[in-house]
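If you read the protein sequences in the order shown, they are chains A and B.
Take 1 as the starting number for the first sequence in this note's numbering and just add one per residue.
Take 220 as the starting number for the second sequence in this note's numbering and just add one per residue.
Read the hints as simulated data drawn from the structure, not as lab findings.
A few of these clues could be false.
Stated by the list, open to error - Using 16 Å as the maximum straight-line C-alpha spacing, the simulated EDC-like pairs for lysine to aspartate or glutamate come out as follows:
| id | chain 1 | residue 1 | chain 2 | residue 2 |
| --- | --- | --- | --- | --- |
| 1 | A | K174 | B | E460 |
| 2 | B | K316 | B | E334 |
| 3 | B | K255 | A | D141 |
| 4 | B | K226 | A | D141 |
| 5 | B | K466 | B | D434 |
| 6 | A | K174 | B | D434 |
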Amino acid sequence: MFSYLTPNTFIEILCFLFAIVCLTTDKNAVWRSMILYLLFTCIAEIAGIYFGRKTHNNNWIYNIFLVIEACFTNLMFVSLFNKYHKSKLMVIPGLALFAIFYVQGLMNHGFFVYNNFTYTFMSVLYVMYSLYYYYLLITDDRFINLKSSPEFWWTAGTLFFYFANTVCNLFDEKLEEVMVTSTRNLSYVIFAGLNIILYTCWSYSFICRKWQTKMLKIS
Amino acid sequence: MADEDVKNIVITATAIFLIAPAFIVAYVFVYNRRKKRHIEEKEMMKLTFDSELIKTQLEVQEQTMQTIGADLHDNIGQLLSLTSLTLNSIELANKTKAQQKIDAAIDLTGRSIKEMRLLGKLLQGDQLMALGLPEAIRHEINWMQKSGHFEISYTITGEAQEGNNPDKDLILFRIIQEILNNIIKHAAATDINIEMEYLSEQVKLEITDNGIGFDADNLPVQQRGMGLQNIQKRAGIIGGEVTIKSKPGEGTKITICIPYP
C-alpha cells in the first residue's frame, strides 16, 4: 500500500482532499468539476504505478488521461475567459488541433506509446492560454486582490507546470536513460518537482475559492 | 552527448523555464498593485472634484443671495420707499395732483414688480445654469450693467458641439463670477470685454478689462489672494489652464482654456 505513496501521488491526493473540502459546496460547476478531475488524476497515477510494475508499460493509461486532462483544463480556461468575454469559440481550434494530433499519434505509434507530441502541443497551448488570461487580467479596469484570487493561483500553477515541463517534453526520449537514483530517471524527478508546484498552487486556489464563497455568503 | 551533460542542460533549462513564469507572475502582481493605486487616486480625485463642485454650488448660491440682498436694499427698497412717500403725500382735495401722484405710485409699483420678477429668476439658480453657460453669463452681465458703472461687451463664437457638461459649466461660471468680483473690487475698470469661444473639444474664455492692472509676473504671495488661487485651482480641477496677463496701468487679460465637454 505504502509503495504507491510517491511524491506525485502524495501531492495529488492532498490536492484532491483540498478540492473535496473546499469545492464540494461551490456553486460553480466548473470549479466543482475539479474534484472529479483530481479523482481521475489520482486514479491514473496509482493505476500508472500498478501497471508499470506489472506489465512494464503504463503509457496507455497516460494516453487516456491526456484526453481527460485536455477536457477539464480547457473547461476551466473557458470559465476563466468567460469573465471577460465569450470564449467557447476561442478554445475550439485548440481542441480540434489537439484531437487531430492525438488521433495521428495513436495511428502512427499505437496506443501503448505515449503521445508525447500531443502533450507538448497541449502544454504550449495552456501556456498561451495562461498568458492570455494574465493579459486580460492586467488590461481589465477592475482591481482584483490577487493574493486571494482563486483564478490567479490556478493559472499560476498551470503556467509554472506547463511552461517548465517543455524542456522535459523536448528531451523526453533522452531523459529516460538519464538516471538520478538507481530507480528514478531525471524526467520523473523534474515532473515530481513541477507537480508539487502545480498542486500547491491549485490547493491554495481551492482555499481561496472557499474564502470567496464564504465571503459571498456573509455579504 | 554524455548523460551528465544532458542532465545539466535539462536541469538548467528547466530552472530557467521556471524563472520565466515567476517573472510573469511577479509582473502581474506589480502591475495589479499599480492599478490599485491608480484606482485609489482616481477615487480621490473624484471626491475632490465632487467636494469642489458642492463648494462651487454653495458659492454661486451665496453670490446670488448677496446680489438679491443688495438689490432689495438699493433698488426695490428705494422704489417701495418712494412709492410710500408718494402715496403719503397725496392730498385728496387736489384731485389733479392726486391723480398724478397715484399714477407715479402705480409706475413705481410696476417697476418694483418688474424688479421682483428679475430677482425671482435669479433665485432659481439651478434654472439659470440649466439655460446653459452663455445665458448664465449674460444674466450675470445684465446685473452688473444695471449698476451703470461698467460698459460690458460680451461675444460668443461657436457652440458646444457634443452637448453641455453641467459640472464644468458650473465651475466655469463660478470662475467668471470670481473674476468679475475681482474687477468690481480691485480693478477700477470701466470697460469689460468678455469673449467666449467654443473650439473643438475645448472652450476658451477671455476676460479683458481696462482697470489699473497689476504686476502679474511678480505678484507677492500675500497679494496673490485667494481669488486668483481659487481661479487657478478650479480650472485645474476640470483640466483647464489659466493665463493672466497684466501690467500696472494697462488693465488685465485673463484667458481660460478648458477641455469641453
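Here is what the structure says about each hint:
With a CA separation close to 69 Å, the supplied pair K174/A and E460/B exceeds the 16 Å bound. For the hint pairing K316/B with E334/B, the CA-to-CA distance comes to about 27 Å; that exceeds 16 Å, so the pair is violated. Between K255/B and D141/A the alpha-carbon distance is near 10 Å, which keeps this suggested pair within the 16 Å criterion. At most 16 Å may separate the alpha-carbon atoms for a hinted pair to count; K226/B and D141/A exceed this at roughly 45 Å.
Restraint check: the Cα-Cα separation between K466/B and D434/B comes to about 5 Å, which is no more than 16 Å; the hinted pair holds. For the proposed pair K174/A and D434/B, the alpha carbon gap of about 84 Å is over 16 Å, so the pair is violated.
When each numbered hint is compared with the structure, violations occur for hints 1, 2, 4, 6.
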